[in-house]
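Chains as they are written, first to last, in my numbering: chain A, 504 to 975; chain B, 504 to 975; chain C, 504 to 975; chain D, 504 to 975.
Wrong hints could be hidden among the right ones.
[Stated by the list, open to error] Computed Cβ-Cβ distance ranges for the label pairs, DEER-style:
| id | chain 1 | residue 1 | chain 2 | residue 2 | range |
| --- | --- | --- | --- | --- | --- |
| 1 | C | Asp-559 | A | Thr-568 | 14 to 20 angstroms |
| 2 | A | Pro-569 | B | Ser-907 | 23 to 29 angstroms |
| 3 | B | Arg-550 | D | His-962 | 32 to 38 angstroms |
| 4 | C | Val-623 | A | Lys-735 | 32 to 38 angstroms |
| 5 | D | His-962 | C | Lys-701 | 54 to 60 angstroms |
| 6 | C | Pro-569 | B | Arg-550 | 35 to 41 angstroms |
| 7 | C | Pro-569 | A | Lys-934 | 29 to 35 angstroms |
[Said to hold, decoys possible] Which chain A residues stay away from chain C? Per the calculated CB distances, all over 10 angstroms, these:
| id | residue |
| --- | --- |
| 8 | Gly-632 |
| 9 | Thr-649 |
| 10 | Gly-737 |
| 11 | Lys-747 |
| 12 | Glu-854 |
| 13 | Arg-857 |
| 14 | Val-866 |
| 15 | Cys-914 |
| 16 | Tyr-959 |
[Claimed, not checked] With a straight-line Cα cutoff of 16 angstroms, these simulated EDC-like cross-link-like pairs (lysine to aspartate or glutamate) come out:
| id | chain 1 | residue 1 | chain 2 | residue 2 |
| --- | --- | --- | --- | --- |
| 17 | B | Lys-824 | A | Glu-565 |
| 18 | A | Lys-735 | A | Glu-659 |
| 19 | D | Lys-934 | D | Glu-785 |
| 20 | C | Lys-824 | D | Glu-565 |
| 21 | A | Lys-824 | B | Glu-880 |
| 22 | A | Lys-822 | B | Asp-799 |
| 23 | A | Lys-824 | B | Glu-565 |
In case anyone wonders, no lab produced these hints; they're calculated from the structure.
From the three backbone atoms N, C-alpha and C, an ideal C-beta is built for every residue, glycine too.
Protein chains: 4
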Amino acid sequence: MTGELHEECGVFGVFATGEYDIAMTVYYGLYALQHRGQESCGISVCRNGRFNTHKDLGLVSEVFTPNVLESIGPGKMAVGHVRYGTTGNSGRENAQPIVVSHSTGNMAIVHNGNLTNANVLRSGLELNGSIFHTTSDTEIIAYVLTHERLRSSSAEEAVVKAMEYLEGAYSLIIMFDDKLIAVRDKHGFRPLCYGINKNGDYIIASESCALNAVSAELVRELLPGEVLVFDKSGVRSIRDNCGKAREAMCIFEYIYFARPDSVIDGCSIHHARLNAGKFLAEDYPVDADIVIGVPDSGTDGAIGYSRASGIPYGIGLIKNKYIGRTFISPGQKSREDRVRIKLNAVRETIEGKRVVLVDDSIVRSTTIARTVAIVREAGAKEIHVRITAPPFLNPCYYGVDIDSRKMLVACHHTVDEICQMIGADSLGYLKKEHLDELPGCPGEHTYCTACFDGNYLTHIDAEYKKDMFEGD
Amino acid sequence: MTGELHEECGVFGVFATGEYDIAMTVYYGLYALQHRGQESCGISVCRNGRFNTHKDLGLVSEVFTPNVLESIGPGKMAVGHVRYGTTGNSGRENAQPIVVSHSTGNMAIVHNGNLTNANVLRSGLELNGSIFHTTSDTEIIAYVLTHERLRSSSAEEAVVKAMEYLEGAYSLIIMFDDKLIAVRDKHGFRPLCYGINKNGDYIIASESCALNAVSAELVRELLPGEVLVFDKSGVRSIRDNCGKAREAMCIFEYIYFARPDSVIDGCSIHHARLNAGKFLAEDYPVDADIVIGVPDSGTDGAIGYSRASGIPYGIGLIKNKYIGRTFISPGQKSREDRVRIKLNAVRETIEGKRVVLVDDSIVRSTTIARTVAIVREAGAKEIHVRITAPPFLNPCYYGVDIDSRKMLVACHHTVDEICQMIGADSLGYLKKEHLDELPGCPGEHTYCTACFDGNYLTHIDAEYKKDMFEGD
Amino acid sequence: MTGELHEECGVFGVFATGEYDIAMTVYYGLYALQHRGQESCGISVCRNGRFNTHKDLGLVSEVFTPNVLESIGPGKMAVGHVRYGTTGNSGRENAQPIVVSHSTGNMAIVHNGNLTNANVLRSGLELNGSIFHTTSDTEIIAYVLTHERLRSSSAEEAVVKAMEYLEGAYSLIIMFDDKLIAVRDKHGFRPLCYGINKNGDYIIASESCALNAVSAELVRELLPGEVLVFDKSGVRSIRDNCGKAREAMCIFEYIYFARPDSVIDGCSIHHARLNAGKFLAEDYPVDADIVIGVPDSGTDGAIGYSRASGIPYGIGLIKNKYIGRTFISPGQKSREDRVRIKLNAVRETIEGKRVVLVDDSIVRSTTIARTVAIVREAGAKEIHVRITAPPFLNPCYYGVDIDSRKMLVACHHTVDEICQMIGADSLGYLKKEHLDELPGCPGEHTYCTACFDGNYLTHIDAEYKKDMFEGD
Amino acid sequence: MTGELHEECGVFGVFATGEYDIAMTVYYGLYALQHRGQESCGISVCRNGRFNTHKDLGLVSEVFTPNVLESIGPGKMAVGHVRYGTTGNSGRENAQPIVVSHSTGNMAIVHNGNLTNANVLRSGLELNGSIFHTTSDTEIIAYVLTHERLRSSSAEEAVVKAMEYLEGAYSLIIMFDDKLIAVRDKHGFRPLCYGINKNGDYIIASESCALNAVSAELVRELLPGEVLVFDKSGVRSIRDNCGKAREAMCIFEYIYFARPDSVIDGCSIHHARLNAGKFLAEDYPVDADIVIGVPDSGTDGAIGYSRASGIPYGIGLIKNKYIGRTFISPGQKSREDRVRIKLNAVRETIEGKRVVLVDDSIVRSTTIARTVAIVREAGAKEIHVRITAPPFLNPCYYGVDIDSRKMLVACHHTVDEICQMIGADSLGYLKKEHLDELPGCPGEHTYCTACFDGNYLTHIDAEYKKDMFEGD
């Protein structure tokens, strides 16, 4: 962990009306979802029941060269995946799609989320002689699905049955020999939407920005617990689980993960972030000369703050856009100095000013402290930090990689202490009571805010909890 | 040419007080200058009179892996270079630094600019039996310098003499066995500044943002025609040519090339761009609901327009930040569609609004046309395009890669026609009379604006002219 | 298939008395076994119960760079594998070792051979919900072993039980958390031997040449059906299946696959090949001036023929030793021309001579035909081809990749016809009756000669038969 | 230096009757010459006066992928080069062909040899302002040629004039815009021959085996001092320098460098090596049971010894053929152990026998000592080493990389001492008086034997001598 938050994955699928160069569509879709995972990616294309798959470590634009795309070939259905993962050698094995060939037919699975009963399921499967090649939840899902297929009359029946065993967060797209099935867990922790393009091809994606990238129109978000079947007769919904559980879409998708140009449940992410800035302006007004955001994630909040407060918005920090995965961190320098290399101040904007500095969240506090120092060195007279999220106090078991509690600064310090630690003149976090109004989506919606308030909607095994959060 | 403008190069140099891991400093400096050239890069380090050099095609973060940096080793002096270049196999040969070992000593040259008498010089040298391995100007400079060194008593004397032969734009850093010499041509077409860090190490760079990246303080810009010598006795200036010619710093550095957090001649680039937006607001007022910029280069202008007009600033377009050099362009799709993949609209901001859309320049018009279409599809009622530069009408012979005249839309169409072609409701270019006031630098300054008005400060050979600009 | 024969694999394992840089030992061992498989390779090291594995497509010297070897780290046990495999994308997944982490402990398997009941076993496992990531037999073995471990009190008990289910050819090395187990199927189709070095470390390998490469002394070949357990108390044999089935070591290991410096069952491979040449000289004497071998596999036979016949031995053909996996085959030229690029004649040896040309086998006949033509062009007056194997008439189901029957020239033509087709003056194949005497090993031994005579020792499913051999 | 001898280069050229996929022909030619240099390679193709070049570090089969070959494109003329070079970063710059574009036309040079007046020429050129990018002689040749072209009426005139300045060893092929010129220095130190194929295309190559590889017939070796011009009117010889100097073809080409299937000056290399073995049998007879060669270079000598002595020839050592450039040498093990990994004994051949072991040369003695030990461990009762060359006592200034004198064992020890050091029972070197009769070529020929007897045919500067040979 490096003091940053990581989404685990993005998923994408296409069910086309006819065979064409479908891998290119998935390529563009994954490229639009790259912000959800930069470690590995993969595409699986189905042509006449045969699955052609390529997956590897690297960005979409690195892994999918023209030669590779051509080797995958054309098809009528396809799924793709981008993944953030832990470092190390194991990465390649854990890349998705997970493709299974079995006597009941082929299956390619892409998954965004995290099962909370993975350990229990895996132990049970192992006792029945199952063996695992990866350490990812997705292989467990593949096993459960396979077991159900052996005693089901259709793929969709198997999917619905399998959902009874899976607990936690999962947005899945599963490609079978003749159909594509999209699934969202009963709480709807992770987003998943679908759309349609001019040819009548169905597109499924984690976020609507990926539909835009392939010129498809958003139809709607899947409902929590919904199973959508895409096959030659079109799309149909199996709503067995819909509405039976409390809806709990991850609020942090709105605050940080999703792209601002995406729309979830009818609500613009950009709008939610403007709202966060507005709430901060109302709750923590300050006499200042300029509002600046930490690029890229603090920009929207800063504009929201500026509009609500009337203080002008400015560009105070420039982010180096050539930062790559292979960028070398200096051996002798600490992480703080990496901030300096990525960010530089626009002295013109800041010098002699009282500055409101908006960022999305604070994890360990080292990054924001260094950012404050950069702004201070550029001549700011005062620096008022505003954070578009409440303090992180709890782990996420639903697919977000939050630091262990001992690293989370808000677990051990008051807001005043943190303000002093980061060298700010004042510090304001978004108040928890605003979280539900943040997105401002039409209709009634409830959100998962467990990382801020500890209200988990599923049972979390005590030991699992410890493993995930208290470790190093 | 792809309808975009390209700066040719960025240069960086260090003269340290003692031997240390100097390649890492150059690495960070080049990384900050990466926007000036993404095709190739190189570093040459001098340790005890021995030059260790590595250069290759690729981004700084790709070419300089930890192993490579270690293999270059420590040293007391170093120079580095980033380069935009033409495509093709020849790229690797043209990468810089150009390193020459000669009986008069070693020499490593990095160069930003373009000689206007390259053909004449090269012909003359060839008639004397010189042979050229590359097609770059820098090799010509190396020859001229070598000829002068044979009849000079010092490296700086050779540099001053060589300058009499070189016409056109050149900002150079030349590493000799025991000193570093920085040179700016007599018109000062390309920027070059120097600074100093806490250890007393001197840093020379194309832009001040690279000094910030290595925690050095900007001392000042080199004067046009100035030669600065860095050696063990410190820094001294040889001003033989200073002030003898008309200063002609490239105005397009302010409009587009330089990073907004850089300062040239005491003037912030960001400030110049805010100014451009302000002039546009004054010259082309419009009744609108929102001002948006085309990221990243139109952002500053949009904020300037918003402030001067009172129309709110908003985020209307999101740029995919994972675009890589290897990104595949769709075989069957045209360049216009690539815009869609790189840019997506934030419907929330745009829908139902009258939009002012600010961008930095128009080359062929296809890119802006597609951007206008994206904004229109997102529901804009009106779209008023404002460009922070005058129309391109002439080639640049001083280091900027502008399309051939037959491709430049402003050479063949009126503003009204272009407005119609790109599908905008109105179109306003920055007026030429504002160019000199744009930077707003302290003191008297004059600029090269030849690409807009055709006023070249040096003799341009008729045939050369033809080669460079009328060809395809 | 390219008209050549391919062994499937080579295996190697080490059980050391203490922890050390064990991956290097496996590296040297695999390097000595590289002739048994050039497509992929892998090493798994066990250190304190943790398995570190690296495997990839490529030669041992390509895949295992110093960085990779260091990343695997030191350990006390290790297994390694080289593999010949089919072309295509699937290769990487099928690379070995297959590593399984399971509640009963870790397991890394390397395998040389081919199961004849793979389809039956896989179907059964799939009906119980097992899913397969690879198409290799080794994953089936992993499943069967895992099932048995769940109901066994020790790893060796599980191995012995699992052997009851596995039919066909398998020489295995299995690394568990605290022991290494080596297994040879009850017929002993594929070789497997072990040795010991000066430190008392045990080494297991497909061939004794790999023991030599790591300075270990050969102890002996495993018996057919033997299970050897290597753990901290030393080595012990579990002979449950030994001697219960007819021994059927692959005779083609002696003729072609094994390295001439290896010793199997106390018999030198080189000696067996000299014998083959001797039998040919006795059965097909000819009045000739020189005996030459097709390098490298015909050399030993040629020397044997020369010694028995008294006709001088000479070097008549030179093989280009830089042929690589990536060598380009000419687009417009046929396979025959590739022979010319790999082989060139020594005219000095051949011109004006009556030549005996010895090669190891004939598959499609195109390669030998082209070789004969090269010898003819170099001036041979007569060419008498002698083959150190009988004609190929049947498929191999025990781990050798022989062409489909429709491609095998001996299935469709008489020896006389083949002689004419290849342009030889006479042609003699090794007589089948000599096969059993070929190795000349001490003690009683019987061999599998099914590819020549069709006598299979295990049941071969009719459909499986068809798939493997009659297809293209 | 690693105790082995290295040839510097191989050259290849084609002048075709029409345009075709000529790079493929050069590819096959270079592939056949790979034994002359494995560090880097390059091809330059001329199509309509335009030169397309690709060169890089690596083997021919690695550097020239199908994509690269296609990118070079078709043409009517081409030259290629393989190079052995020193290690390190500089390698890529020194790769050939050296391509020069100049006002007098293009020029691509490939070179095998070594100039003995390189330092003098380079100093002179530098004093005239020339700058050098590489450290190779070939760049000096390019300069001299360019100077001469400026005052010559034709390319061939320039070549003939340039030869007056060049001293030492050089076999060159030079591609101009419309002709190919092949040159051999006046002593003829390095081989160079030409041939013609069925289409009437001319092929020039370092060795005849490369003509065979492209189905061309050898016409003849170039004469010492000969200039051959290939252009649209065919081939013509300019014999200005022919026969004016003593012929001094390198004798070590016959002993070690050239491929045994090559023919130089009408004499088979294989034959020369058989002769060497015969001389050794006559001069150093011994009572023994078997003659074996160290593969691959001692094999021919061993057969020669066997034939002359009547002692049977056998295969006693097997060389691992998968040794690659990237093969890792063990950190903790010495070079001696690398021999063990590359070579393994065939115990069957050696055990209990009195062995004659034939190798081509002894440099430092460590390699042969280790080989003797391997043979001893395999059970040899006696080992009689026979070397098909006299002792190395002097440096080579004509293109062979021989170790410095302090490393050469024969400079410091008697034959008896060396025999004892390497653990042999007897040791015999080829007697110097046989060197001239070794090749047995038709006609009168004299050879350069300076490395054995110190008789240099050109002036060697005292300081140069020191640099080259006494250094480390």
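query: Far enough from chain C: is every CB of that chain over 10 angstroms from the CB of Lys-747/A?
result: 27 angstroms, holds
query: Regarding Pro-569/C and Lys-934/A, is the given constraint of 29 to 35 angstroms on their beta-carbon distance met?
result: 55 angstroms, violated
- prompt: Taking 16 angstroms as the top limit, are the C-alpha atoms of Lys-934/D and Glu-785/D close enough?
  reply: The given pair, whose Cα atoms are some 11 angstroms apart, holds under the 16 angstroms limit.
Beta-carbon spacing of Arg-550/B to His-962/D - inside the hinted bounds 32 to 38 angstroms or not: The hint (32 to 38 angstroms, Cβ to Cβ) holds, given that Arg-550/B and His-962/D are roughly 36 angstroms apart.
- prompt: Holds or violated: Lys-824/B with Glu-565/A, Cα cutoff 16 angstroms?
  reply: Between Lys-824/B and Glu-565/A the Cα gap is close to 14 angstroms, so the pair holds against 16 angstroms.
- prompt: Should the label of Arg-857/A as a non-interface residue stand, given a Cβ cut-off of 10 angstroms to chain C?
  reply: 51 angstroms, holds
- request: Starting from the hint 54 to 60 angstroms, judge whether the C-beta atoms of His-962/D and Lys-701/C obey it.
  value: Holds, since His-962/D and Lys-701/C (Cβ atoms, about 56 angstroms apart) stay within the stated range.
- request: Test the statement that Thr-649/A is away from the interface with chain C: the closest C-beta pair must be farther apart than 10 angstroms.
  value: Per Cβ check, Thr-649/A is inside 10 angstroms of chain C; nearest 5 angstroms; violated.
message: For a C-alpha distance cap of 16 angstroms, please report whether Lys-824/C and Glu-565/D respect it.
response: With a Cα-Cα distance of about 14 angstroms, the restraint between Lys-824/C and Glu-565/D holds, given a limit of 16 angstroms.
message: Between the alpha carbons of Lys-824/A and Glu-880/B, is the straight-line distance 16 angstroms or under?
response: Violated. Lys-824/A to Glu-880/B sits at ~28 angstroms, over the 16 angstroms cutoff.
Pairwise beta carbon distance, Val-623/C to Lys-735/A, judged against the given window 32 to 38 angstroms: Distance hint for Val-623/C, Lys-735/A holds at roughly 34 angstroms.
message: Confirm or reject: Cys-914/A is not an interface residue toward chain C, with every Cβ-Cβ distance exceeding 10 angstroms.
response: About 31 angstroms separates Cys-914/A from the closest Cβ of chain C, which puts it past 10 angstroms; holds.
In this structure, the hints that do not hold are numbers 6, 7, 8, 9 and 21, in rising order.
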